[in-house]
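Chains A and B, in that order, give the protein sequences. Start counting the first sequence at 4; every next residue gets the next number (the numbering used here). Start counting the second sequence at 1456; every next residue gets the next number (the numbering used here).
The set of hints was computed from the structure by calculation and includes no laboratory data. You may find that some hints are simply not true.
To be verified - The list that follows gives simulated cross-link-like pairs (lysine-lysine, BS3-like), each with its CA atoms no further than 30 angstroms apart:
no.	chain 1	residue 1	chain 2	residue 2
1	A	K35	B	K1457
2	A	K8	A	K188
3	B	K1830	B	K1817
4	A	K35	B	K1627
5	B	K1741	A	K35
6	B	K1482	B	K1457
7	A	K8	B	K1457
8	B	K1806	A	K35
9	A	K35	B	K1765
10	A	K308	B	K1805
11	B	K1784	B	K1808
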Amino acid sequence: MIPEKSKITQGQLMFFIIQSQVGVGILTLPHKLQESAKGAGWISVLIAGLAVQVIIVILWALCRRFPSDTIYGFLPKITGKFLGNLLCFLYIGYFLFSAGTVLAKFADVVGRWVLLATPRWALLILALLTCMYLAKENLRVIARLFVISSLTIIVMVALSLCGYVNANFSYIFPITEAGWGNIIKSANEALFPLVGYEAILVLYPFVEGKSGGKLKAASLGNMMITLFYTFEVFTSLVIFSPAVMPAVSEPLLYMLKGFSFQIIQRIDLIFLSLWVFVVSNAMVSWIYMATVGLGRFFHRGEHKKAVPYTICILFILAMIAQEPSVTDFYDQAIKVSHYTFVVGLPLILLCFAYFMRKRGT
Amino acid sequence: MKRICFLCVMMSLLLFIAGCWDQDLLKDARLIYGGGYDPAPNGKLRVTFVIRDVPSGEQQSPKNDIITTEGDTPRDARDHADDQVSRHIRTYKNRFILIGEELAKQDIYPVLEVFYRDPKSSLNARIGVAQGTAEDILSLKKVGNVLIAEEIDELIKSKEETTTVPKVTLEKIYPVMLDPGEDFVLPYLMEQGARVNVSRIAMFHNNKFTGTLSSEESTMYLLLKGRKGKVTRFTQNMSTKGEMSTTEENPQIRYDFLTFNVDKLKQKMKVKVQSGDQITVHLKLKMKVSVIEYPKDRLEKKQVVAELNKDLSKKMTDLAQKTLDHMQKARCDGLGIGRQLMAFHPRVWKKQKEEWGSNYQKVHFAPVVQVEITKQGIIN
């Protein structure tokens, strides 16, 4: 069923999850969390990470019943052919939409921080061409690159450590200023930068080994990313006073802007270049998930033939999202569809499959 | 064939998209190395830019060009300056911002806002307050053989190392500037002869310049804040006969002074709130110092050292008290007492935040400085 050269190890699955989760959210997350949770924003991230863990278990339990099928394979088996295929298309749409949102935000940040005069289409094309180059490869190649590029996360942590020169820990106190209600509510906000773990729905059959190990790998990936996000949010919170935070929408970049080493004047640009790397990986991950589905329906399982027109769709999606009103709409749509497709539906499907005793071979 | 076509198209495409829009060549730019801001009589800003010119010949040394313009905002003034200067003015390499005393007495945030908003500005530029006008200091053009922009930048930098002025860049004061619970301080630049003197601190309250600390007090403030630089030297008069000033009254006066360097510093600050919302701040400084000059006594006797420790501790405690008094008079909450209240006594802060400026003046400070001589150079 799955060609040997597309198989990946559990370690690679972990890095795949990591790379899909780190996206554009990381830059703006501290700003958003401070708005609602005040100094306890970092606790919200931990709570969100915990919630993601629960969702991962649900997804895993669902996938485990069909060990040799991707989501596109087992949906028709659970719900019947017509409804199943319809749901498959909705999932493809969701993946594409997620990729489009990431791409739009990516272009926003780069356009605001570095390439001020470069038109948006040029930024998008540059990003998409790179993504295309990777996304058309088989899964093993993608996973290998993800493993290597995870090194950039370590460098990002190291760079953020510079910020502690100016840290003032009293900025996060009193921790429960916003109240636990708000802290948990902002965990909801923190959930979206963490999306990407749903890759497990598509990747599950490609991974070697037993199901327990796969869960472990996915959970470990999620844990690392939750910790990474918590660290970055905490860093931003101790560096920017509560009064400044509302004014700074990308605190991580902003704090690095004022630092300079002997030979490098603008560390924020270095950070941004690493971030570009990580973001395009996240996009590749979404594109891969979508194209696997498209490939199954239209190209007899060859996902690479679906890549070129997928890229075009993403380009259009990201070109539309230029005004704040549209991006806000995108955000809302992502939230709703995330809850529907990644939390709600899998839970229903799981119950359904459980009671109907449906199992794959 | 298909592949070759594709490659050709790609190549030509890449040729066209290689950084055309955002390229900004150094040869088309005039770099601003520093800027001075003063109020103009008609409510406008008077801005003085130091522009660095590097002549094309290798033998010639770089030169500074000073240009002064007026405008409604800093950016407006910069645009006016651009009208008078060939090529484009660029601020990537801006190294310092000088604010004239009179302008600093008004709110300085609107003057600095453009630097925070512009993605291309250099946030690591130093910032200081100029006695008189910034224009006067920048108009010196050269101090000795050094160009004014370098001189100011390097001077402030070296004074940061000697714990005379705080390490302040545009970025560092940004979180403090908007925070109601803390005030910032800046280096205070004075023109002296044809030179620039940086030895004092300008205090701010609510982003407004409210007073200066003397050079000794400035160092003391930095120690109280726990920001010791590489070198921290104090000279104290150890005379037992009181402060007699002339050699005629006290022929031994040259023998009375002791200079020491603070080697190690431990600083502790505790904010306590007693009943009736009386705020008491306990400040504890423990210093290990080395004696640098002291002509009077030999320091081999333990008793002498103990005596000196006691005297110095008392003198330094007095100095700390004096420093804090001056800061309270200027309403400058440079130690972030409000910040501490906000974080650890939120209820008290809620009551006091409306009138924090005057409430701060009622805070009771209890500084204790302990000095311990641990080194004495290579003679006893």
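query: Is it true that the CA of K35(A) sits at most 30 angstroms from the CA of K1765(B)?
result: violated (53 angstroms)
field: Proposed proximity, K1805(B) with K308(A) (alpha carbon, max 30 angstroms)
entry: Not OK: K308(A) and K1805(B) at ~63 angstroms, beyond 30 angstroms, violated.
message: Would the hint linking K1482(B) and K1457(B) be met if the CA-CA limit is 30 angstroms?
response: This hinted pair is violated, its Cα atoms lying about 42 angstroms apart.
- request: Starting from K1806(B), check that the Cα of K35(A) is at most 30 angstroms away, please.
  value: holds (28 angstroms)
query: Does the structure keep K1830(B) and K1817(B) at a Cα separation of 30 angstroms or less?
result: Violated, at about 39 angstroms.
- request: Compare the distance between the alpha carbons of K8(A) and K188(A) with 30 angstroms, and conclude whether the hinted pair is satisfied.
  value: violated (44 angstroms)
message: Check whether the Cα positions of K35(A) and K1457(B) lie no farther apart than 30 angstroms.
response: Distance of about 49 angstroms is beyond 30 angstroms: violated.
query: Has the given pair, K8(A) with K1457(B), been kept, meaning a C-alpha gap of at most 30 angstroms?
result: Holds - the C-alpha atoms of K1457(B) and K8(A) are around 27 angstroms apart, at most 30 angstroms.
task: Take a quick look at whether K1741(B) and K35(A) sit within 30 angstroms of each other, Cα to Cα.
output: violated (41 angstroms)
- prompt: Does the alpha-carbon distance linking K1784(B) and K1808(B) stay inside the 30 angstroms limit?
  reply: With a Cα-Cα distance of about 18 angstroms, the restraint between K1784(B) and K1808(B) holds, given a limit of 30 angstroms.
task: Take a quick look at whether K35(A) and K1627(B) sit within 30 angstroms of each other, Cα to Cα.
output: holds (22 angstroms)
Checked against the numbered hints given earlier, this structure breaks hints 1, 2, 3, 5, 6, 9, 10; the rest are met.
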